[in-house]
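Going down the list, the protein sequences come from chains A and B. Numbering-wise, this note's numbering puts 2 at position 2 of the first sequence, and it's gapless, one number per residue. Numbering-wise, this note's numbering puts 114 at position 114 of the second sequence, and it's gapless, one number per residue.
Just so you know, these hints were derived from the structure itself, not from any lab. Small disclaimer: the values here were computed from a predicted structure and weren't measured. In this text, a Cβ means the ideal position worked out from N, Cα and C, and glycines have one as well. Any given hint could turn out to be false.
What the hints assert, rightly or not - Computed spacing ranges between beta-carbons, pair by pair:
#1 B:R95 to A:F12: 37 to 43 Å
#2 A:E15 to B:S7: 34 to 40 Å
#3 B:Q72 to A:P8: 37 to 43 Å
#4 A:Q56 to B:I12: 21 to 27 Å
#5 B:N18 to A:Y10: 24 to 30 Å
#6 B:R95 to A:K57: 45 to 51 Å
#7 A:Q41 to B:H76: 38 to 44 Å
#8 A:G2 to B:G96: 43 to 49 Å
#9 A:Y10 to B:S10: 36 to 42 Å
#10 B:Q72 to A:Q41: 31 to 37 Å
#11 A:L114 to B:S7: 22 to 28 Å
#12 B:N18 to A:E69: 17 to 23 Å
#13 A:E102 to B:D39: 39 to 45 Å
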Amino acid sequence: DGGITQSPKYLFRKEGQNVTLSCEQNLNHDAMYWYRQDPGQGLRLIYYSQIVNDFQKGDIAEGYSVSREKKESFPLTVTSAQKNPTAFYLCASADQGARVGELFFGEGSRLTVL
Amino acid sequence: KNQVEQSPQSLIILEGKNCTLQCNYTVSPFSNLRWYKQDTGRGPVSLTIMTFSENTKSNGRYTATLDADTKQSSLHITASQLSDSASYICVVSARGGSQGNLIFGKGTKLSVKP
Chain A
1 DGGITQSPKY LFRKEGQNVT LSCEQNLNHD AMYWYRQDPG QGLRLIYYSQ
51 IVNDFQKGDI AEGYSVSREK KESFPLTVTS AQKNPTAFYL CASADQGARV
101 GELFFGEGSR LTVL
Chain B
1 KNQVEQSPQS LIILEGKNCT LQCNYTVSPF SNLRWYKQDT GRGPVSLTIM
51 TFSENTKSNG RYTATLDADT KQSSLHITAS QLSDSASYIC VVSARGGSQG
101 NLIFGKGTKL SVKP
């Protein structure tokens with residue numbers, strides 16, 4: 001079935017460690033996005049990519065890094081520089097770009113810093 | 001400043017009853033408005049996307065309305081079911097700007113009780 005797969009579903013990290021969240025899509029979408037969701041807040045954009053080997057910072061990119069080496073994959077690394085990394089992370093993709101087309105979300109990855 | 005405000009913040013209704021969720025926005029220039037349903041711990045799923053010229057759009061028991069003049073939208077749920085318990089997120093897209101330019105509301109948490 002076509003869709004977006006995020007892994008792992010749950011992740012625990014000690015302070016000072018980098019962690020990488022995986023996002024894979026088989027929808028043949030050009031655009032991919034990473035959002036962060038905190039309780040009581042709307043989704044906030046971390047990074048997005050409209051084409052392979054290119055990506056743009058979102059509203060809260062500090063402490064995060066991404067790569068887009070393949071159309072299907074858009075991994076997110078949460079670095080030790082991110083001061084409050086505990087959150088629910090959502091990956092999404094869109095055919096024509098999120099501004100115009102429908103946005104499809106993965107099931108999310110919940111990161112907890114111990 | 002582009003903003004999306006949703007009300008109420010939370011709502012409890014009995015199974016079988018109808019309810020209406022509200023979304024007010026100040027996004028300009030307007031491109032489209034979406035409603036998403038997000039089950040607890042899962043990724044959001046699209047319910048409707050409405051452009052400037054659309055006043056009403058239905059998806060099963062979900063009916064969204066849009067008044068572009070007053071910049072208001074509503075999501076009406078008919079004959080609620082226990083499975084409707086979720087957060088409902090209103091998202092507005094602005095014309096122009098970057099592909100990441102979606103403004104998310106904080107959501108309305110709906111609980112349907114038997």
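Hints and how they fare:
At roughly 42 Å, the beta carbons of R95 of chain B and F12 of chain A sit within the given window of 37 to 43 Å. Between E15 of chain A and S7 of chain B the beta carbons are some 38 Å apart, a value that agrees with the proposed interval 34 to 40 Å. Distance hint check for Q72 of chain B and P8 of chain A: the Cβ-Cβ separation is about 40 Å, which falls inside the suggested range of 37 to 43 Å. Between Q56 of chain A and I12 of chain B the C-beta distance comes to about 40 Å, which lies outside the given range of 21 to 27 Å.
Range check, N18 of chain B to Y10 of chain A: about 36 Å between beta-carbon atoms, so the 24 to 30 Å window is missed. Checked against the hint of 45 to 51 Å, the pair R95 of chain B and K57 of chain A fails, with Cβ atoms roughly 21 Å apart. As the Cβ distance of Q41 of chain A to H76 of chain B is approximately 25 Å, the hint placing it in 38 to 44 Å is violated. Between G2 of chain A and G96 of chain B the CB atoms are about 30 Å apart, so this pair departs from the stated range of 43 to 49 Å.
In this structure, Y10 of chain A and S10 of chain B break the distance hint of 36 to 42 Å, their C-beta atoms being roughly 25 Å apart. In this structure the supplied range 31 to 37 Å is violated for Q72 of chain B paired with Q41 of chain A, their Cβ-Cβ distance being about 22 Å. A hinted range of 22 to 28 Å is violated for the C-beta pair L114 of chain A and S7 of chain B, which are about 36 Å apart. In this structure, N18 of chain B and E69 of chain A break the distance hint of 17 to 23 Å, their C-beta atoms being roughly 49 Å apart.
In this structure the hint that E102 of chain A and D39 of chain B lie 39 to 45 Å apart at CB is violated, the actual value being about 18 Å.
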